[in-house]
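J.: Going down the list, the sequences are from chains S and X.
Following full-length UniProt numbering, the numbering of the first sequence begins with 1 at its first residue and continues without gaps.
Following full-length UniProt numbering, the numbering of the second sequence begins with 1 at its first residue and continues without gaps.
Keep in mind that the hints were calculated from the coordinates and are not lab data.
Note that the Cβ used here is the ideal one computed from N, Cα and C, for glycine as well.
It is possible that part of the hints are untrue.
Under 10 Å between C-beta atoms, here's a sample of chain X residues computed to sit facing chain S [what the hints assert, rightly or not]:
1. Val40
2. Met74
3. Ile81
4. Ala82
Listed next, the stretches of chain X that the computed footprint assigns to chain S, with coverage defined by at least 3 CB atoms under 8 Å from CB atoms of chain S [claimed, not checked]:
5. 4-17
6. 21-33
7. 48-60
8. 88-97
9. 100-111
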Amino acid sequence: MNEPAIRDIWVYLSASPLLGLTITLVAYGLAYRLYLKSNSSPLANPVVTSVAMLIALLMVTGTSYSEYFEGGQFVHFLLGPATVALAVPLYQQFSRLRQLWLPVTISLVCGVMIAAGSSIGLAWLLGGSTEIQMSLAPKSATAPVAMGISETIGGIPSLTAVLVVATGIVGAVLGTKLFEWMRITDDSVKGIAMGVAAHGIGTARAFQVSSQMGAFSGLAMALSAFATALIVPWLVDLIGI
Amino acid sequence: MNFLNGMTLLLVYQLVGEVTVRLLVVPIPGPVLGMVMLFVTLMIRGRTPEPLENASTALLSHLSLLFVPAGVGMMAHFDRIADEWLPITLALFFSTIITMVATAGIMQLTTRWFARSENGGGQRDE
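Okay, chain X solo, but in the shape it has when bound:
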């Protein structure tokens, strides 16, 4: 029952998210709004119910499996990919590397910078 309750809760939040997105015509995908709503609920309640924790751990620990059907979808797009394979593969490959390196670099610099200014300035929140 435990896992089932958690799963039901996730689906309810997804459903509420999808319905809200459609009613308000906002450009955010339904599951993302559902995620935000669940996050706000957890913040208000101040703890994670066990069924929810079990269901989300189960789903997230097999996250890469969930991408497999979409990956197989490559075969439906072979023609399209063959037509424009050069821009697709090069843009995808280099953009991913650039994003990874730039994000790591920015995170590294800003973490150090804020840690230093916090220690040096003696100013702390809380």
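Just chain S, with the same shape it has in the complex:
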């Protein structure tokens, strides 16, 4: 094969969504296999490995993020319907939720306020700009919700998306260790904390531990998405930023 032909193929591929979409799925597939090989170690979180692989690949080939996102957007788009889909586990867990509604509501409202308040406060203490504080505030909510809130309160939505992923990873990697250290054995308690602090990535991890923890985490993620949308803009107003 001669040089121009390869270049033509590359020009075609980098301009079409096919490449971005395919490498996203292939990288995730590889990362997931690696994760299973590591005996589901939280340190081998498939989101971390696939993101690292993709960034390395894009940098080596000199492909920009916007070129990649031509294809990546198709996967990213599904976060919207996935948020709507949370209504299903919420409905199916409704009888258990009704028994525990008071503790769940209290923990949820406190958790959402602590998530937003502590990230704004810590970033402020460490000298972060207002833009960074506002981009961090909704970081514990699932991505489409967090991006929407970030935009309303003056953050950078695309930066928030990155911070949301990082938050989910920190929660998924450290969560079970923290619960062990706190000597918590109740799966409903662990699930609620995981879902409030670490949204979807934490929920994926919770399902690995037990289906009960997963269901409660999914429930907490759905409810805290809603609570974050209601509470965080109000909280920011209250602090007066």
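With the hints as your guide, set chain X onto chain S.
T.: Chain X in isolation, oriented as in the chain S frame:
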């Protein structure tokens, strides 16, 4: 067809949610309103249709995949993150740990407290 019908239903609720949010100028993201609307519909109908169950299980079981493109977005923000890496990383890391520990602690305490008062007081709903 089954999966497709479920997926269509999810998209319809998202669309209705987005349109309502824009029309009423409420500060809630469209998909969240769509979720609430679907939840209310399920409560009224009293069961989950099978296509909807299939589509939502499929989407939610691969939830972490859906975060990958956003995570790769880190490369577009390398400069910004490099400028303020200390407040960003420390605030994110410690805030996540604080949130997780505090929420677990509050949930643990309130569950016990309400279980005890329910048993002790003999007062039960229903």
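J.: Hint by hint, say whether it matches the structure.
T.: Quick rundown of the hints versus the structure:
Given hint, Val40(X) at the interface with chain S, holds; its Cβ is 9 Å from that chain's nearest Cβ, closer than 10 Å. Checking Met74(X) against chain S by beta carbon gives a least distance of about 5 Å; that is within 10 Å, so the hint holds. Given the 10 Å rule on beta carbons, the hint for Ile81(X) holds: about 8 Å separates it from the nearest Cβ of chain S. Hint status for Ala82(X) relative to chain S: violated, with the closest Cβ pair at about 12 Å, above 10 Å.
Given a C-beta distance limit of less than 8 Å, the hint that chain S covers the stretch 4-17 of chain X holds, as 6 residues qualify and 3 suffice. Figure legend: the stretch 21-33 of chain X, annotated as covered by chain S; annotation consistent (6 residues with Cβ-Cβ distances under 8 Å, at least 3 required). For the stretch 48-60 of chain X, the stated coverage by chain S holds: 8 residues have a C-beta nearer than 8 Å to a C-beta of that chain, and at least 3 were required. For the stretch 88-97 of chain X, the assignment as covered by chain S holds, since 9 residues bring a beta-carbon within under 8 Å of that chain's beta-carbons and 3 suffice.
Judged by the Cβ-Cβ criterion of 8 Å, the stretch 100-111 of chain X is covered by chain S as claimed, because 11 of its residues qualify and three suffice.
Hint check: a violation occurs at hint 4 only; the rest are consistent with the structure.
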